[in-house]
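A.B. asks: Take a look at the letters that make up each chain.
There are 2 protein chains.
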Amino acid sequence: MTEQHESQPHEHVEDSLKQVMDLITRHKVVEALVHKQDMPRHDLVESLVHKQNLAELSKKLDGLHPADVAYILEALPIEDRLLVWDRVKAERDGEILLEVSDAVRESLIETMDNRELVAAAASLDTDEIADLAPDLPKDVVQELMKSLDEAKRAQVQSSLSYDDDSVGALMDYDFVTIRADVTLEVALRYLRFLGDLPSHTDKLFVVERDGHLVGVLPLKRLLIHDPEVYVAAVMSDEPVLFHPSDDASDATQAFERYDLISAPVVDARGRLTGRLTVDVVMDYIRDETEADMLQAAGLREEEDLFTTVWKAARNRWMWLAINLCTALIASRVVGAFEGSIEKLAALAALMPIVAGMGGNSGNQTSTLVVRGIALGLINKDNARRLLGKEIGIALLNGVVWGGVMGVVAFLLYKNAALGAVMAASMLLNLLVAALAGYFAPALIDRLGRDPAFGSAVLTTFITDSMGFFIFLGMATVFLL
Amino acid sequence: MTEQHESQPHEHVEDSLKQVMDLITRHKVVEALVHKQDMPRHDLVESLVHKQNLAELSKKLDGLHPADVAYILEALPIEDRLLVWDRVKAERDGEILLEVSDAVRESLIETMDNRELVAAAASLDTDEIADLAPDLPKDVVQELMKSLDEAKRAQVQSSLSYDDDSVGALMDYDFVTIRADVTLEVALRYLRFLGDLPSHTDKLFVVERDGHLVGVLPLKRLLIHDPEVYVAAVMSDEPVLFHPSDDASDATQAFERYDLISAPVVDARGRLTGRLTVDVVMDYIRDETEADMLQAAGLREEEDLFTTVWKAARNRWMWLAINLCTALIASRVVGAFEGSIEKLAALAALMPIVAGMGGNSGNQTSTLVVRGIALGLINKDNARRLLGKEIGIALLNGVVWGGVMGVVAFLLYKNAALGAVMAASMLLNLLVAALAGYFAPALIDRLGRDPAFGSAVLTTFITDSMGFFIFLGMATVFLL
Chain A
367 MTEQHESQPH
377 EHVEDSLKQV
387 MDLITRHKVV
397 EALVHKQDMP
407 RHDLVESLVH
417 KQNLAELSKK
427 LDGLHPADVA
437 YILEALPIED
447 RLLVWDRVKA
457 ERDGEILLEV
467 SDAVRESLIE
477 TMDNRELVAA
487 AASLDTDEIA
497 DLAPDLPKDV
507 VQELMKSLDE
517 AKRAQVQSSL
527 SYDDDSVGAL
537 MDYDFVTIRA
547 DVTLEVALRY
557 LRFLGDLPSH
567 TDKLFVVERD
577 GHLVGVLPLK
587 RLLIHDPEVY
597 VAAVMSDEPV
607 LFHPSDDASD
617 ATQAFERYDL
627 ISAPVVDARG
637 RLTGRLTVDV
647 VMDYIRDETE
657 ADMLQAAGLR
667 EEEDLFTTVW
677 KAARNRWMWL
687 AINLCTALIA
697 SRVVGAFEGS
707 IEKLAALAAL
717 MPIVAGMGGN
727 SGNQTSTLVV
737 RGIALGLINK
747 DNARRLLGKE
757 IGIALLNGVV
767 WGGVMGVVAF
777 LLYKNAALGA
787 VMAASMLLNL
797 LVAALAGYFA
807 PALIDRLGRD
817 PAFGSAVLTT
827 FITDSMGFFI
837 FLGMATVFLL
Chain B
367 MTEQHESQPH
377 EHVEDSLKQV
387 MDLITRHKVV
397 EALVHKQDMP
407 RHDLVESLVH
417 KQNLAELSKK
427 LDGLHPADVA
437 YILEALPIED
447 RLLVWDRVKA
457 ERDGEILLEV
467 SDAVRESLIE
477 TMDNRELVAA
487 AASLDTDEIA
497 DLAPDLPKDV
507 VQELMKSLDE
517 AKRAQVQSSL
527 SYDDDSVGAL
537 MDYDFVTIRA
547 DVTLEVALRY
557 LRFLGDLPSH
567 TDKLFVVERD
577 GHLVGVLPLK
587 RLLIHDPEVY
597 VAAVMSDEPV
607 LFHPSDDASD
617 ATQAFERYDL
627 ISAPVVDARG
637 RLTGRLTVDV
647 VMDYIRDETE
657 ADMLQAAGLR
667 EEEDLFTTVW
677 KAARNRWMWL
687 AINLCTALIA
697 SRVVGAFEGS
707 IEKLAALAAL
717 MPIVAGMGGN
727 SGNQTSTLVV
737 RGIALGLINK
747 DNARRLLGKE
757 IGIALLNGVV
767 WGGVMGVVAF
777 LLYKNAALGA
787 VMAASMLLNL
797 LVAALAGYFA
807 PALIDRLGRD
817 PAFGSAVLTT
827 FITDSMGFFI
837 FLGMATVFLL
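Chain order of the listed sequences is A and B.
Everything in the first sequence is counted per the numbering used here, starting at 367 for the first residue and increasing by one.
Everything in the second sequence is counted per the numbering used here, starting at 367 for the first residue and increasing by one.
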């Protein structure tokens with residue numbers, strides 16, 4: 367981020383959005399007038415107003431932070447979005463493409479030709495080019511790589527070589543290094559000589575001649591200590607550091623725990639290779655939690671609010687297909703008891719309650735277990751205790767809610783035996799739910815997948831099918 | 367955060383947890399031996415081993431960052447947790463209480479007497495005391511306030527006066543101010559004179575004599591510019607700033623957008639009153655997203671993994687009660703068609719599929735709408751377009767999945783009319799789902815509540831009840 371963005375006037379971005387939408391509307395009205403009155407498109411007055419609106423739009427956009435332009439692009443339906451994108455200065459394309467969501471980025475890149483894309487990407491830092499590269503056409507990436515000098519090309523290639531969820535993919539190459547055997551005075555002079563510091567520089571990295579990291583010098587210490595002392599004397603020689611192959615989630619947890627702003631990334635031999643900063647960490651956390659939230663609801667990936675019906679549908683079908691399969695299996699469980707239902711149709715009315723309460727209670731358990739696994743809070747020593755607690759809660763819930771529903775079923779159908787079956791099967795299915803909510807995430811974790819995805823589907827599938835089976839089975843045995 | 371924590375050796379905290387658990391187990395084994403062999407508790411050898419384990423545990427804990435101790439406390443069942451808590455040095459109690467989750471904090475505070483609590487809280491900054499105060503007994507807070515000097519007491523009271531979700535509740539009072547009419551040389555000397563800087567100081571706040579904020583001086587500029595120039599010449603005079611009453615979510619979004627590390631908070635008259643830092647912002651984001659995730663699964667608040675069955679049950683009952691009510695209403699819808707189900711029990715087997723697919727698809731829509739509302743991406747100008755897209759997807763899904771299920775129903779029951787009813791009611795219920803998924807969050811938002819909560823329950827309630835009604839209703843009209 368450049369200096370000028372740090373002094374962005376703090377106007378509410380929602381207001382900017384409204385102004386932009388106003389300008390678009392005015393622009394469209396003028397266009398519509400031109401068309402409707404069938405006037406020559408170059409009619410002087412109209413053309414002037416037309417140009418004025420667009421000029422004002424350009425000016426408005428020029429004054430906005432790239433993140434705010436990105437926000438506005440996301441909030442606009444496709445054709446308005448492209449109108450605005452057209453008015454954005456070409457040299458800002460790159461930084462704005464970085465800020466928009468993947469789905470919206472795709473819609474913007476589609477409209478740009480190769481020359482524009484190369485120019486946009488060339489204005490970025492190497493780690494940013496690597497972020498953008500997977501979304502660019504292959505030939506654009508090739509052309510782009512040719513335009514870079516060797517050092518930068520190596521950085522982009524190395525960034526691209528790391529797994530998306532590793533520290534290597536998140537790190538940048540903007541850091542200031544210094545030797546341990548110079549005084550703070552020299553360090554201060556060196557910074558003045560540089561004339562600029564990378565954003566988020568809260569510490570200098572102290573390295574040996576071969577690039578080996580020996581410590582970090584927080585700017586704070588540089589500022590408060592006597593300029594005569596040596597870097598070696600005031601540096602911190604056991605800094606929190608990361609390796610490019612470290613798991614990104616672990617690194618973000620370390621940033622949160624130790625309140626870091628930046629941290630060095632070193633290779634296996636201890637040589638400085640990059641830097642991780644809090645802004646990237648925060649973006650990563652936000653992206654991960656959004657992905658979790660969307661995937662939990664069955665959206666495969668982030669979806670452009672104004673995408674086409676066809677694209678959106680493809681984003682959602684996998685989930686619906688999986689749920690259709692589980693629903694079909696549960697339906698066959700019910701199908702096995704059709705004879706019982708014919709004799710006592712009340713069973714059909716009551717069975718969704720047994721299944722539904724199991725699903726809700728099972729998902730309470732599985733959500734806690736998923737969170738516990740994600741935070742590393744659950745291990746083999748405390749797992750049994752946690753399971754014991756969940757079974758205890760299920761028993762308590764079973765007695766309370768089973769009791770309530772038993773009475774309700776009795777009152778509705780004046781059938782004491784039905785009430786008893788209802789109560790007993792609620793209790794049993796809540797126990798099943800506790801086990802499913804506990805073991806579904808544990809199983810998915812054991813299989814090496816992220817328990818955040820699939821735990822809910824699996825838990826609900828078990829509580830639905832078992833709920834129907836327990837309730838209809840007990841009813842068949844005891845009531846008919 | 368003090369300097370020494372920044373240079374925390376980067377040991378994996380999971381390893382620390384394992385070591386602590388090992389020590390606890392060894393300690394317990396010794397204790398058990400003492401008991402079992404009915405030896406006098408002061409038997410020399412045993413007592414030595416016993417003491418040694420506990421001493422090692424204390425030493426281990428002393429070397430850990432407060433956030434790591436907090437993590438370990440959260441991962442331990444209650445009695446082990448209290449054993450560890452007992453071994454933590456009293457002067458660290460405060461900073462660790464700040465780091466643990468609300469639920470675990472409660473379990474720790476319960477075991478401390480008033481004197482210990484006052485001592486623990488007194489070691490903290492005023493903004494941290496305000497964070498802790500709501501969890502402390504009333505008389506402890508009173509005693510604590512008496513022990514503070516007037517300025518600090520005023521800060522605590524002011525922090526407590528702000529709404530939990532406002533910038534005022536998140537800001538701290540640790541900042542360095544400077545005048546605009548001094549040179550950078552003077553500023554540098556002043557920092558050396560201070561001898562320490564608050565954590566997360568990336569800029570100095572430039573104020574007038576009356577406290578009016580006139581700009582900020584990033585440390586970066588202080589470092590790279592000629593010491594002879596004046597602060598006024600290099601400061602940024604339009605910094606991003608906040609007011610104590612600003613919504614905390616808006617502020618966190620600004621931090622993410624503009625990649626801030628710290629920002630000044632000013633009162634209505636432009637006087638500097640506090641500072642917001644990225645670590646607090648990141649914690650806030652994490653807490654909010656966790657709360658969203660837990661509440662979406664029906665956990666009223668963060669739950670201690672090892673809490674008592676009774677406490678956990680109370681945390682979950684509200685949700686189960688609400689779901690029981692909605693399930694009961696849906697059940698009564700089915701109950702109205704018991705006559706039809708008696709004649710054609712296949713309806714009971716197929717109806718959960720219609721309801722379930724509606725629920726899944728409706729929640730895909732509502733999740734997108736909830737996210738759009740939260741990010742401020744949806745407004746009255748683009749709302750209709752979004753609704754149009756969702757209805758389009760519902761039609762497409764209805765034709766595809768309705769078609770699939772129509773064929774499946776026909777194959778299962780060799781009944782073409784049943785297949786047709788199945789297909790038609792899937793299509794209709796998916797349309798209902800799109801409308802419910804769109805309007806449920808919009809309605810909750812209009813009522814001034816957070817759409818993240820309740821949207822799923824409301825959507826599912828509508829798709830369940832309407833799914834049963836549409837399917838059983840059509841079956842009754844066309845099949846019987």
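Simulated from the structure, these hints should not be mistaken for lab results.
It is possible that some hints are incorrect.
One copy or any two copies: either way a pair holds, since identical chains are not told apart in the list.
What the hints assert, rightly or not - Simulated crosslink set (DMTMM-like; lysine to aspartate or glutamate; CA at most 20 Å straight-line):
1) K746 / E445
2) K384 / D747
3) K780 / E708
4) K426 / D479
5) K677 / D603
6) K746 / D381
7) K384 / E422
8) K504 / D381
9) K394 / D747
10) K417 / D452
11) K780 / E704
12) K709 / E667
13) K709 / E574
14) K746 / E708
15) K709 / D747
A.B. asks: Now tell me, hint by hint, if it's right for this structure.
C.D. replies: Quick rundown of the hints versus the structure:
1. Proximity of K746 and E445 under a CA criterion of 20 Å is satisfied inter-copy only: 17 Å between copies versus 55 Å inside one chain copy.
2. Proximity of K384 and D747 under a CA criterion of 20 Å is satisfied inter-copy only: 9 Å between copies versus 56 Å inside one chain copy.
3. Both within a single protomer and between protomers do K780 and E708 lie at most 20 Å apart by alpha-carbon distance, with minima of 18 Å and 18 Å respectively.
4. In this homomeric assembly, K426 and D479 never come within 20 Å of each other (Cα to Cα): the closest approach is 25 Å inside a single copy and 60 Å across copies.
5. Proximity of K677 and D603 under a CA criterion of 20 Å is satisfied in neither setting, with 52 Å inside one chain copy and 46 Å between copies.
6. For the identical chains of this complex, K746 and D381 are inter-copy neighbours only, at 14 Å across copies versus 53 Å inside a copy, given an alpha-carbon limit of 20 Å.
7. In this homomeric assembly, K384 and E422 come within 20 Å of each other (Cα to Cα) only inside a single copy, at 14 Å, whereas the closest approach across copies is 62 Å.
8. Proximity of K504 and D381 under a CA criterion of 20 Å is satisfied in neither setting, with 38 Å inside one chain copy and 43 Å between copies.
9. In this homomeric assembly, K394 and D747 come within 20 Å of each other (Cα to Cα) only across copies, at 14 Å, whereas the closest approach inside a single copy is 66 Å.
10. In this assembly of identical chains, the alpha carbons of K417 and D452 lie at most 20 Å apart only when taken from the same copy (14 Å versus 73 Å across copies).
11. In this assembly of identical chains, K780 and E704 lie within 20 Å of each other by CA distance solely across copies; the values are 15 Å between and 22 Å within a copy.
12. In this homomeric assembly, K709 and E667 never come within 20 Å of each other (Cα to Cα): the closest approach is 46 Å inside a single copy and 44 Å across copies.
13. Proximity of K709 to E574 under the C-alpha cut-off of 20 Å is found in neither arrangement, the shortest distances being 85 Å within a copy and 85 Å between copies.
14. Taking the shortest Cα distances, K746 and E708 never come within 20 Å of each other, neither inside one copy (48 Å) nor across copies (50 Å).
15. Proximity of K709 and D747 under a CA criterion of 20 Å is satisfied in neither setting, with 50 Å inside one chain copy and 55 Å between copies.
Figure legend: structure checked against the earlier numbered hints; hints not met, in rising order: 4, 5, 8, 12, 13, 14, 15.
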